Structure formats: C-alpha cells, structure tokens
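Peer 1: Using the sequences and the hints given, assemble the complete structure.
Heads up: the sequence lines are chains R and G, in that order.
All residue numbers for the first sequence refer to our numbering, where the first residue is 1 and numbers rise by one.
All residue numbers for the second sequence refer to our numbering, where the first residue is 1 and numbers rise by one.
Derived from the structure by calculation, the hints contain no laboratory data.
If you're wondering where the values come from, they're calculated on a predicted model, not measured in any experiment.
We put the CB at the ideal spot given by N, CA and C, even for glycine.
Hints are all accurate, no fakes.
Examples of chain G residues lying across from chain R (beta carbon under 10 angstroms, computed):
(1) T43
(2) Q51
(3) L180
(4) A240
Label pairs and their computed distance ranges (CB to CB):
(5) R141/G x W277/R: 22 to 32 angstroms
(6) L273/R x L362/G: 43 to 53 angstroms
(7) L343/G x N122/R: 42 to 52 angstroms
(8) T292/G x A84/R: 51 to 61 angstroms
(9) M125/R x D345/G: 42 to 52 angstroms
(10) L290/R x V390/G: 52 to 62 angstroms
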Amino acid sequence: MTPLQLFLQQLANALTLGAIYALTALGYTMVYGVIQLINFAHGEVFMAGAYVSLTVLLAAAASPALAGSPWWVLLIVCGAGAMAACAGLGVAIDRLGYRPIRQAPRLNALITAIGMSFFLQNALMVIYGAVDRQFPNPIPPVRWEAAGVTITLMQVIIWVAGGLCMIGLHLLVMSTKLGMAMRATAQDLKACALLGVPVDRIIAVTFVIGSALAALGGMLFGLNYGTINFHDGYLVGLKAFTAAVLGGIGNVPGAMIGGLVLGLLEGLGAGYLSAQWKNVFAFAILVILLLFKPTGLLGERVADRA
Amino acid sequence: MASRHRQSLHRCRALSAALLALAAGCGGHGEPVVKIGFAAPLTGDQAPHGQDLLNGARLAVEHANNEGPILPGHRLELLPLDDQRNPTQAVAAAKKLVADPDVVVVIGHLNSSCTMPASAIYHQARLLHITPVSSNPQISRQGFDTFYRTCATDDLQGPAAAMFVAGQLQAKRVFVLDDLTTYGRGLANEFVAKAKALSVDVLEHEGISQEDKDFMPLLTKIKAANPDLVFFAGMFPQGALLIKQRLDVGLSSRFMGGDGLFDPVLINLATPQAAEGVYLTKLGSDIRRIPTAQAFIREYEARFGPIGAYSAYAYEATRIAIWAVRRAATKERTAVLAAMKQLRDYPGLFGLQNFDEKGDSLIRDIGLVTVQGGRFVELGAYTMRDGQFVFVAAAAPP
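Peer 2: If you want it as structure tokens, here you go:
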C-alpha cells in the first residue's frame, strides 16, 4: 500500500463515520437554532431509530407481503418506518417536555432535556432488553477494489443517504417558505409570533426533521456495525453534539461539515497515531479549534446568545 | 369498666400473637436455605457468555437439590448477580454477596478485570470463591487461599497461541491487538513474549476500546503494515467487528484470537463468510470428546439449547463448591474453606480434578479451534506430555 492509497482508504473510512455523525448532528443544531436548547435526548432518538428500524426490518422480512422482496425494498420500508416513528417521538418530546416550559429560564429546559435522555434510555432498555441485539443486514456484502482502495456497498449507501438528506435539508431551509419561517424563528422567535408565524408548529416541524434524520442515522449505524445496545446512543449523541459545536451550533451546513470533520479527525487519529487515543485526538483538536474560533467553523451567532 | 378494659387487652394479645405467627410464616417460607452466590455479566454485550455460565450453575444446583438436602433441612439456592463486565459493579456485587450470611460460596465473574478486585473482597470475608473462566494468571498469584479456578490460565494460552502461529501457521510477521482489559492485555503480553522467543516479528501491539465499534482506521493501518497474521486478545463483540470490518478494508492477513472469541455469537455477528478460517485458542480440549462430559452436554442441550463455551466450567465449579459445603456439613464459611482444601481427585466432567497450591486446576489443556462453514471445528489441543507442552491433533470428528 502506498501512502496515497493508505490515505484514500482512511478518507473513505472517515467519511462513513462522519456521515452518521453529520446526520445526527443536524438534529442538535436545528433545535438549538430555533429554541436555543441543547436537546440531550437526541442521542436516544437516534437509538430509538435504530431499534424501530430493527423491529420493522424483522417484521418486514417475516411478513408474507414483503418476504423475498429485494433488499433495497426492505431497506426503504425499514427507513421510512423508523423515520416516521422517530418524527412522532420527536414531536412528543417537544410537546410534553419542552413546550410547557418554553417561557421558563433556559436552564429549566436543559435539565428537562437531560431527564428526558435518561427516561428514554431506560425506556429503550425496558422495551428491548439490556442485552445487545443483533442487527441483520439485508444489504449484499459487495466490495469494490480499485487501486488498492476497498469500498463497500454499505459505505456507498451511507454516503448517498447522508448526502441526499443534507442536500434536501439545505434546499428546504434555504428555498422554501417553511424554511424561511424556520430561519425567521431562529432569528427572533417573539417577533415571528407577533407577525403571525405559527412558531409552535415551526418548532414541531424542526423536531420532526431532526428526529427523522437521527432515525436514519440510527438505522445506518445498526446496519453498519451489526449490533445495537440501548446505551449506544449516549456516545454517538455526544459525538454528534461535538460535531454540531465544531461546525458552529445553530448552523445547518456547519453541522454537516462538523460531522465530516469529526469523522475525519477520529479516523485519521486512529489510523495514523493510535486507535486507543482516537477520542483524545479528536477532542483535543476540538478544544484547540474553539480556543481560536469560539463560534465553531461556520457559526456566527453564538457569542450573543450564550 | 374494668372488665371492658381486660377484654380489649385480651383482644390485643390475640391480635399480636396472630401477627407474630404471620411474620414467622413470611420469613424464608419456613425453610432455611444455603445460597451459592453467582456473578457474571447478565446484561450488555457479553450477556450471552454470562447466561451460558448461569445455566451451567443452575443445572448444578438443581442436580444437588435432587440428590437430597445440602444440609439437614436446608434447601440450596442460587443467587445470581449482574456485574455488567464492569469492575466497579463487580465489587458492588461481591460486597452484596459477602454481606448475605446465607451465602457460603461464590461462583463467578467472567472477566478477569472483575474477578481480580472481587477476589480480594471474598478473601477478606473468608468466603470460598471459584471462578469458572477468568484466566489471568495474576489472580491466583495474589496468594488468596479462598480462590480456586476450574480453567487453564493465560500463561499457557498465550504461549500455546504463539507456538501455533510460529509452528503450524508458519507466520513470520504478526500484528497484536488487545482490548486493554486485565484479560486482554495479560493474554496479549504472554503471546508477544513467546512469539518473540520463537523469533516471530511482532510489528506492533495496540489497544482498542471495548466501547468502540468502528475499527476501520486501525484495520487500514494494519493492512498497510501487511502482517501475516493479526492476533486479538479480547472478547467476541469486538472480535466479531474486527473480523467483519477487516474484509471491508481488504485486509487479507490471517486472524487469530483467544478464548474470549469462543462463542457462536462471534460467527453470527462477524458473518460466516468473514469468520471463515479464523483461528482461536480456548481453555480446555474439545468437551465433546471427553466421555465423562457427555451426559451433562445431553441434559444441558435438552434444557437450554446448544451448550455455551464455558457452561461446563460453571457446572463443574458449582458442583465442586457443593461438594465442599456437603463435606463441611455447616454454613460456616471457614469450615467450607477447610473442606475445600481436602479435595483430591474429584470426579468431574473433565476427569479427576485437583488444584495446585495457588488454587488453579491441574487440568490445563489449551484447545485450538478454527471456523469452517460457519461452525467452530476443533483442531486439537496443546497438552502437557512428559514436562513438554505439545500439540496433539484431534482425531476424526466423533
């Protein structure tokens, strides 16, 4: 393997991890953008997505209507089911947990978010059990090798799914009326309400989109690694939050870039330095970056908010 | 007035007598018990291993109860606790077991990192402690007379793996990984020392985190180093991910692991395609070829399904503990410990069991296994022959 081949292979690995982080980071950043809340329950929504997609996948594979259908049909059914379920979960979290205390000091909502995270994590444990669950993967194990670099179909699916979602979300936020309302709400919630923007509905839509993307991330995580556990969401949630901060929290393209950069930092740290130091390496870079650019890579508006 | 007072007093006495009777009835169902403490991971990623051990111990307790009361009028009970493969939880579980006066012996802890700190607590409480599978040799070197184990240790397993790599597999360059636990690091160090002595080139020795799931960057680095073989000392959840992901980066080196990988879940998680041709060492030779174990295997599989990697060791450890309690004929912990010291030639599943002065079983074969067609196939075992540790190939499948 030449150094260039090695680097390209590490890049492919890092992009895969980065895409999953980015999908999850979007939910953090969107919710922060509109209501300045760090939704710590988001990692659990990610995990719920993984569990629901597993349930749907097993049910679909066993149902007479879908048994024997091609793998991509199963995958679409499974993804749609998980995204719908988690969109509902996201709205429920907002409606029951955060909306009643929207006017209270921000710290109250933050503590509610931490409580919500504990509640959901334990609920997942009670529902699905504390033992690791195996996640069968219907995607055929296809691998391509070109110039010493190996790429799998699974990786390509993660890149494509992640890329499409990010482009779609960017278009939605930047060039639709709904997106305009979301951006306006992010700028000034009270003024929007005065001008007749249905802010509660806009916030609910934000939770729907963020949670659906996390569900997709959860499904891809389960498919890629083959096992899921109720507490896996904690670490991924923390990483995605880091990615959101890295990119500039509240900024949608920032979360995408932050996720990819964090994936790259971890991957290259593990690949060129040492696997056991990869988190240290990634977080050290984060600290250094925030020292020199406190708003993150693309963030501009944090200083006046924090 | 006075008579009414006396009447109510009577009523009061009658009521309190009834309450007392009720309270007595509630306490322990009237029958005294002797408890065998048990601790292993029953939740989390290693729960399948823990459950295999628990099933073995459960069967041993059932058999003992069928054979007659453990002590006159006493019923034998298993008290299983979950240590979540976490040393902190293991210590908490150990303290709980020590505090229960009905617990006269503890079977347990799967992971050496849990058995090590827990063994000190059992030692302090003079409580007999038998681990079925924790193989780190340091545990028995602490000099605790309460400690026994029914499996071989990693100062044999590591060298056996290195001898196989250098001899049978003819590998010249190896890359060593471990999971940074007491077990993984210990086994990897034993392997590295012997491999170097056999002039195998150890390219690098790296650790991974048990909380990690993405090993692609590390495996890519290994691919660039181009070793003949990757040796991993760790448990099956991470082992399976390494085995699976190594194909995804196009790493074609052979893969070998220790007994922590010996669980059919490994093949399912890694996919049979990726696991094909993986080698691993395990504690003990092929149980299906040991005549004295066959009745146990049949009964276990009828009850719980396919026998787990170490179910038989948990059964053996529990049966030996029961033997010691019966011999002591009392619930007193020091007496049980004294009885255990008298054990000679116990007719167990693996043959006649004896323990050395450190408490380690003298049955110390190290088995060698490979994966073929989605199943573990036993190749043979390293065993002591005239003071030499030699490989004895298995005969045709039974």
